[in-house]
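With the hints as your guide, set chain B onto chain A.
Protein chains in written order, with the numbering used here: chain A, 1 to 240; chain B, 1 to 219.
Derived by calculation from the structure, the hints in this document are not laboratory data. Possibly wrong hints are sitting among the right ones.
To be verified - Just so you have them, the derived chain B footprint on chain A, three or more residues with Cβ under 8 Å:
(1) 47-56
(2) 73-79
(3) 104-115
Said to hold, decoys possible - Across the chosen pairs, the derived CB separations fall in these ranges:
(4) B/Asn186 <-> A/Ile225: 45 to 53 Å
(5) B/Leu180 <-> A/Gln223: 39 to 47 Å
(6) B/Pro52 <-> A/Val145: 48 to 56 Å
(7) B/Pro142 <-> A/Leu16: 52 to 60 Å
(8) A/Ala55 <-> B/Ser207: 34 to 42 Å
(9) A/Val145 <-> B/Gln82: 53 to 61 Å
(10) B/Ala112 <-> A/Val145: 35 to 43 Å
(11) A/Leu213 <-> B/Ile30: 14 to 22 Å
(12) A/Ala139 <-> B/Ala209: 36 to 44 Å
(13) B/Phe55 <-> A/Ala55: 45 to 53 Å
(14) B/Gln143 <-> A/Tyr150: 36 to 44 Å
Beta carbons are placed, not taken as given, at the ideal position from N, Cα and C, and that holds for glycine.
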Amino acid sequence: MNYNWNWGVLLDDPYLMWMYTGFGWTCLVAICAWVIAFTLGSIIGVMRTLDNGIARGIGTVYVEIFRNIPLLVQMFLWYFVFPELLPKDWGHFVKRGIPLPEFWTAVVCLGTYTAARVAEQVRSGIGAIRNDQRNAAIAIGLTSVQVYRYVLLPVGFRIIIPPLTSDFLGVFKNSSLGLTIGVLELTAQSRQITEYTFQGFEAFTVATVLYCLVTFTVMTLMQKIEGRTRIPGMLSLGAK
Amino acid sequence: MFKDFDWAVIGRALPFLVDGMGMTLQLTVIAIFGGICFGTLLALLRISPFRPISFVAGSYVNFFRSMPLILVIFWFYFLVPQIIGRPIGGFYSVLIAFVMFEAAYYCEIIRAGIQSVTRGQIMAGTAIGLSYIQAMRYIVLPQAFRNMIPVLLTQSIIMFQDTSLVYVVGLRDFLTSADLIATRDNRLVELYSTIAVVYFILCLLGSLAVRRLQRKYTI
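Pulled out of the complex, with its shape left as it was, chain A reads as follows:
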């Protein structure tokens, strides 16, 4: 294998900056998308555990739609198709009016996609709590909002910390799909450096190391948090 190693190239003028901003965009997309995913996912997950048939139905339809279309196709739907289906002025606004349309499209796409996964975790977390707790909460006179707020959700969320962690890491990794619509995140930048300098080994290695580093940090942190918040005697669902 003939290959000219040149790690120094990554420290050269635009390339170091490219890597740096790429990593920044990756983190930003992931965090913004996670905010959407967590909020929306919790709501839909709770809807799927309600007695109301309509709420359950909406939740199920949402989860099936977003789980059964490949993420990349969803990305294209949001970016190319969604603005065309809106009334003309709105479509124009989505395409050109908002600053950084690629960024927001990627955030919304990843957020709504991951929300379906979070919803499934929330549902299984609540499902793992024995029915006695719900009944006991109703028996002492809590309203159904209070049952969720004070009994089911605090316990349910603790149980699903490990799978939620892997969903968060999923968003983090999936943010690389933003490159297909022009978000210059970490993977996009390392590919761009490869095309400019032909030093693919170095660029991809740095990207790989950064991804691994974040995964490792988040995993360690969440294990700590899980240990801190564990309720004695309750089991936890292992990460899938």
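Using the frame of chain A, we list chain B on its own:
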């Protein structure tokens, strides 16, 4: 709202789309087969009582699970020709990337499946004179595979969706073929929504089938 759309383009694009779906299915099937074979091997290494082996297998799995699939595809697309010394085309490098990547996920599923079979069974196997490998082959693995079939199939549906990522290296799978026609004829809305519907129907049918199977096969 829909009056500007020309759905006839789908009919004209059909042969091309069918070819693309052929490529997608081919990739999916080979990658599932390769991924499960390699994943089983990794799982067996990972539960090996010999520490260095289980450590290496564990590191492999954690490493691939912390990388985005797109980056893995780029790695192999760039790396394989460098190692072999000549270009081998997108198809094979993508295939290697998929097998290596998915094996890490299959490994975790298979390991969980193997560990769901109680230890006593291996002991009973060795007690009647089977070797460790025979006990695995004739006692543990058949039960383990039965337990994990639903999860393996679910992962395979995800894998089917993941093959759309070959778009980034321009391999003509279902999505890429649609994309080529969409940009050539400027019919983005029609083509993207059509393939979304096709993917949705296929994956939904797949997951419904998995659910039926799950009810039927639970021991």
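Violated hints - listed by number, lowest first: 1, 3, 8 and 11
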